[in-house]
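Chain residues, written in single-letter form:
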Amino acid sequence: MIAFVRGGQTEKFEILVIRYQPKIFGVVRRYARREPEVQDIVQEIFLKVFQKLETFRADAPFEHWLMRLAVRTCYDFLRQHQRNREYNVSDLGDSENNSNVLERSSAEPKATERSAAARELVEAILAQLSPAARMVITLLEIEERSIKEIAKLTGWSETLVKVRAFRARAEMKKALAKIPVEKYL
Amino acid sequence: MKKRLTPEEFVQIAREVPRDERVPYAFEKRIMAHITSSPALDPLSLWNRALWRAVAPCFGIMLIAFAVSFSHHDEIAADSDVDLDNAVLAPPDAGFDLSV
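These protein sequence lines map, in sequence, to chains A and B.
Heads up: the first sequence runs through residues 1 to 185, numbered per the numbering used here.
Heads up: the second sequence runs through residues 1 to 100, numbered per the numbering used here.
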């Protein structure tokens, strides 16, 4: 399929998009919350894939190359939007809409609502982290990838990944300290 | 004392959140529309781009030329000053005809 696209059959690229877009949406939704932003990022990823398809060397699976591009695009997005992020964690326990995420997750038995509450909580914590910290926590802790894999995905050295992981855990502890969990008990 | 989530508890909660892989309807059409509507490069835009890229080096050459000419101008100016002094302070019998 890649050979067809490289050969000039642009319409074949749609097949690649259809095949990989669910996975890419899954990746991007870990880093962006608003649906318009998610769609813009996914679009940017696929446009980059199309423009850089000539540089793809078949020494590794296409999916690995695609994921590398996706992760780096998500990281660029996090850095660009770092200043715009104003997520008040205290609203989790105070506001009517997001009130008591943890209480809902424990009191309401419905799996989907519990999952939505957990998703909100996770997003609230991750939004407080710096871009590098968020990237490392997501890849290392949540997705349980190895240091080597993360280094390949991000383009960072393994040493840098370890240093960032250490700092990210400290940031995560600080972010978690702001969450009032007494209602959960 | 307020209880806080430990990092391990948070990570456990985060791992249990399923990945959201929903795709908006006909999203691939949107991608293909962008790809097929990209304008092809025309020679005039390439020439335009090359001209703009040449602005910075041309400006640098201009500054260098100005600096070089300015340093030579000081020498000429110094000579002009000497000539002016010689003309103004020349003795009366230096060849001026004041009989008119």
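The hints are simulated quantities; they were obtained by calculation from the structure and are not laboratory data.
Quick caveat: nothing in here was measured; it's all calculated off a predicted structure.
Wrong hints could be hidden among the right ones.
As the list claims (entries may be wrong) - Now the stretches of chain A that chain B is said to cover, found in silico as 3 or more residues with beta-carbon under 8 Å: (1) 14-20; (2) 41-54; (3) 71-82.
C-beta: ideal position from N, C-alpha, C; glycine also.
Comparing the hints with the structure gives:
1. 14-20: holds (count 3)
2. 41-54: Satisfied; 5 residues make the cut.
3. 71-82: violated (count 0)
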